Amino acid sequence: MLRAIRHKSICPAFGAFRAFASAAKEMTVREALNSALDEEMSADPKVFLMGEEVGEYQGAYKISKGLLDKYGPERVLDTPITEAGFAGIGVGAAYYGLRPVVEFMTFNFSMQAIDHIINSAAKSNYMSAGQISVPIVFRGPNGAAAGVGAQHSQCYAAWYASCPGLKVLAPYSSEDARGLLKAAIRDPDPVVFLENELL
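Going by numbering that gives the first Met the number 0, 190 is the number at position 191 of the sequence shown; the sequence numbering is gapless.
Hints are computed from structural coordinates only; laboratory data are not their basis.
Nothing here was measured: the structure is a model prediction, and the numbers come from that model.
It is possible that some hints are incorrect.
Under the rule of at most 30 Å between Cα atoms (straight-line distance), these lysine-lysine pairs were calculated in the BS3-like manner [unchecked claim]:
1. LYS64 <-> LYS45
2. LYS45 <-> LYS61
3. LYS122 <-> LYS45
4. LYS69 <-> LYS45
Label pairs and their calculated CB-CB ranges [unchecked claim]:
5. MET110 <-> GLY146: 17 to 27 Å
6. GLY129 <-> PRO79: 28 to 38 Å
7. TYR56 <-> SER161: 29 to 39 Å
8. ALA156 <-> THR81: 17 to 27 Å
9. GLN153 <-> ILE80: 14 to 24 Å
Ideal placement from N, C-alpha and C gives every residue a C-beta, glycine not left out.
Could you put the whole structure together from the sequences, leaning on the hints where they help?
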């Protein structure tokens with residue numbers, strides 16, 4: 000059984016990310032992320048975005064620009080400042096077959112939601128012998144940033160990569176960001192999507 004679960008972790012969707020990425024015209028990383036979210040939300044009504052200031056304010060880094068107007072407040076959800084709360088709601092929605100994209104304003108705040116990311120999303124497939132999928136993406140800026148304190152400048156790539164059950168992506172270019180985010184949203188398992196804070 001463990002072999003089947005490990006084999007499942009190499010999802011065919013990631014092999015196709017280059018095809019998704021190659022359709023990208025020249026754009027910034029932010030534009031590429033916005034484009035990927037827009038296309039996936041348009042293609043699949045089960046995809047929705049939630050997080051602090053993703054709707055009315057259009058995201059702290061403007062990744063969700065225009066999405067509230069296009070998809071409405073049922074699919075672009077502004078949340079309170081309670082990472083544990085909205086991450087838990089996202090995991091619950093994924094259990095029921097929706098495809099939530101949970102945005103953290105910075106991945107430093109994901110520590111507030113660590114129980115849901117690690118003990119609920121990452122372990123459910125293994126604990127259910129492969130019967131439960133948790134198609135969720137946790138995304139947001141990660142790593143060193145200009146003009147902020149040490150508690151807002153941490154890189155979580157190695158930390159999350161050491162947790163079984165999570166796929167961790169850290170795209171560097173706009174092409175990779177667009178293609179990998181599309182693949183992550185389509186993946187049947189939880190993905191941690193770390194966006195470079197300085198890009």
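Verification of the hints:
no. : hint                          : result
1   : LYS64 <-> LYS45               : holds, 20 Å
2   : LYS45 <-> LYS61               : holds, 22 Å
3   : LYS122 <-> LYS45              : holds, 22 Å
4   : LYS69 <-> LYS45               : holds, 15 Å
5   : MET110 <-> GLY146: 17 to 27 Å : holds, 21 Å
6   : GLY129 <-> PRO79: 28 to 38 Å  : holds, 34 Å
7   : TYR56 <-> SER161: 29 to 39 Å  : holds, 33 Å
8   : ALA156 <-> THR81: 17 to 27 Å  : holds, 25 Å
9   : GLN153 <-> ILE80: 14 to 24 Å  : holds, 19 Å
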